[in-house]
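A.B. asks: Please build the complete structure, drawing on both the sequences and the hints.
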Amino acid sequence: MTRIAWWMVESLSRLLDGDEREVVRGDLAECGTSPAQALREMIGLVIRRQAVPWCDWRPWFMLASVVIPIGLLLSYATRSWGVTSGTDISIYWRFWDFSYLAVPGWRRDVIDVAVRIGSGCLALVGWSWTCGFVLGRVSRRTVWLTVLMFAVAVFFGTMGTVIAGQRPENPSLQYHVVFVVLPRFFRTFLVLLPAAWGAYRGSKASSLPLGPTVLGVMVLAIATFLVSQGLERSLVFGGLVPPDPGPDGFLVSADDPRPLWFLSLVMMWPAVYILAETSRERGTRRASRA
Amino acid sequence: MQLGEFEYLMLTAVARLGEGAYGVTIRQEIEDATGRPCSLGALYTTIERLESKGLVKTSMGDPTPQRGGRPKRMVRITPKGAQAASAFYNAVMRVSRGVAWSATK
Chain A
1 MTRIAWWMVE SLSRLLDGDE REVVRGDLAE CGTSPAQALR EMIGLVIRRQ AVPWCDWRPW
61 FMLASVVIPI GLLLSYATRS WGVTSGTDIS IYWRFWDFSY LAVPGWRRDV IDVAVRIGSG
121 CLALVGWSWT CGFVLGRVSR RTVWLTVLMF AVAVFFGTMG TVIAGQRPEN PSLQYHVVFV
181 VLPRFFRTFL VLLPAAWGAY RGSKASSLPL GPTVLGVMVL AIATFLVSQG LERSLVFGGL
241 VPPDPGPDGF LVSADDPRPL WFLSLVMMWP AVYILAETSR ERGTRRASRA
Chain B
1 MQLGEFEYLM LTAVARLGEG AYGVTIRQEI EDATGRPCSL GALYTTIERL ESKGLVKTSM
61 GDPTPQRGGR PKRMVRITPK GAQAASAFYN AVMRVSRGVA WSATK
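Line by line, the protein sequences give chains A and B.
The first sequence: position 119 = 119 (the numbering used here), numbered continuously.
The second sequence: position 20 = 20 (the numbering used here), numbered continuously.
To be clear, the hints were calculated from the coordinates, so they are not data collected in a lab.
You may find that some hints are simply not true.
Claimed, not checked - Partial list, derived from the structure: chain B residues whose beta carbon lies under 7 Å from chain A:
#1 L3
#2 G23
#3 R36
#4 S39
#5 T45
#6 R70
#7 M74
#8 A82
As the list claims (entries may be wrong) - Quick list of in silico lysine-lysine cross-link-like pairs, DSS-like style, CA-CA up to 30 Å:
#9 B/K57 - A/K204
#10 B/K53 - B/K80
#11 B/K80 - B/K57
#12 A/K204 - B/K53
Where is the CB? At the ideal position from N, CA and C, for every residue including glycine.
C.D. replies: The following block contains the structure:
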């Protein structure tokens with residue numbers, strides 16, 4: 001029990017700044033504080049330290065503009081794209097034959113699917129990285145907590161809803177892989193890890209180079225344009241928005257109304273912020289040199 | 001400069017301790033004076049707040065063996081801090097003048 005309590009004190013103290021961590025642990029050692037008392041003291045200090053930055057507007061703004069809206073959209077997008085990508089890949093895996101590539105229609109279909117999966121993965125990584133970066137840059141002192149909340153929104157945002165075609169009773173292994181494993185894989189490797197990486201980079205003081213930033217934002221804008229309808233459909237088929245097939249009565253046809261067209265802009269705002277901030281920092285550097 | 005009660009207690013403890021003011025001694029001084037426990041959280045967040053107001057200055061002291069080789073955070077009151085504490089004390093004295101604290105029915 002004593003060792004566990006000290007281990008918890010040690011772990012909690014890592015949430016403090018380096019100097020303060022050493023000072024506080026020194027105080028506890030000098031007073032000969034018992035493990036239980038030391039744990040209470042450390043919890044109290046860490047809570048106070050974590051609460052202070054929340055008196056500012058920035059973490060709340062991050063919560064309202066990134067963590068909740070984009071976290072939830074990514075939750076729906078990863079589930080939907082995990083399922084559709086998994087379905088496409090499993091079909092091609094089972095029926096693949098190189099001779100089919102000679103057929104123009106089949107060839108075009110393969111290219112369409114590859115572009116859709118590739119641009120979807122690229123967009124997920126780009127959106128997540130830019131979200132993490134903005135969380136780290138705008139509210140550095142709350143970054144670990146906002147990233148944690150972002151992860152919760154991504155992993156549990158679709159809880160209680162089912163995707164069209166989902167049948168939870170007696171699922172086969174293939175069904176389990178497509179409907180459960182792949183969305184989790186997408187959430188972990190295409191959302192959470194890039195977001196954590198972005199948050200780490202964003203919380204560092206150094207600015208991004210302008211050229212690669214412009215290029216990255218352009219690539220992300222193209223990927224967002226390519227997957228924008230897929231993003232909107234992930235909400236429609238995820239049960240969040242009622243489907244509207246348009247005048248022809250068929251869903252996923254060209255005349256479907258797109259009341260959620262603005263979602264692409266929501267996903268792109270962190271990238272646009274990064275671009276604006278990088279340009280501003282470059283301007284400031286030039287002015288100070290002059 | 002407006003001060004809270006705990007901020008005043010801390011400034012007074014720091015002023016009284018002089019060169020020997022750091023986390024453990026300040027805490028002990030406050031606990032002895034008030035008879036109430038003083039948590040590390042309250043202590044260090046208040047020190048930081050006072051420092052941001054320019055009422056105290058802190059610096060890292062040398063590590064000592066009884067602290068497991070870890071440094072102290074030494075605290076020193078600034079002239080602005082002394083002025084603020086003095087103003088707080090005078091205000092309390094003025095407002096308390098002529099008041100009898102015996103319980104009334």
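A.B. asks: With reference to the structure, classify each hint as holding or not holding.
C.D. replies: How the hints compare with the structure:
1. At its closest, the beta carbon of B/L3 sits 19 Å from a beta carbon of chain A; the interface hint therefore is violated under the 7 Å criterion.
2. Taking 7 Å as the C-beta contact cut-off toward chain A, the hint placing B/G23 at the interface holds, the least distance being around 5 Å.
3. A least Cβ separation of about 15 Å between B/R36 and chain A goes past the 7 Å threshold, and the interface hint is therefore violated.
4. Hint status for B/S39 relative to chain A: holds, with the closest Cβ pair at about 5 Å, below 7 Å.
5. Taking 7 Å as the C-beta cut-off, the interface hint given for B/T45 holds, the closest approach to chain A being about 5 Å.
6. Interface restraint check: B/R70 against chain A, minimum CB-CB distance 3 Å, threshold 7 Å, status holds.
7. For B/M74, the suggested interface contact is broken, since its CB lies about 10 Å from the closest CB of chain A, more than 7 Å.
8. A least Cβ separation of about 24 Å between B/A82 and chain A goes past the 7 Å threshold, and the interface hint is therefore violated.
9. About 27 Å separates the Cα atoms of B/K57 and A/K204, which keeps this hinted pair within 30 Å; it holds.
10. Using a Cα cut-off of 30 Å, the hinted pair B/K53 and B/K80 holds, with the two alpha carbons roughly 9 Å apart.
11. The straight-line distance between the Cα atoms of B/K80 and B/K57 is roughly 11 Å, inside the 30 Å bound, and the hint therefore holds.
12. Under the criterion of a C-alpha separation no larger than 30 Å, the hint pairing A/K204 with B/K53 is consistent with the structure, at around 27 Å.
Violated hints, in rising order: 1, 3, 7, 8; the structure is consistent with all others.
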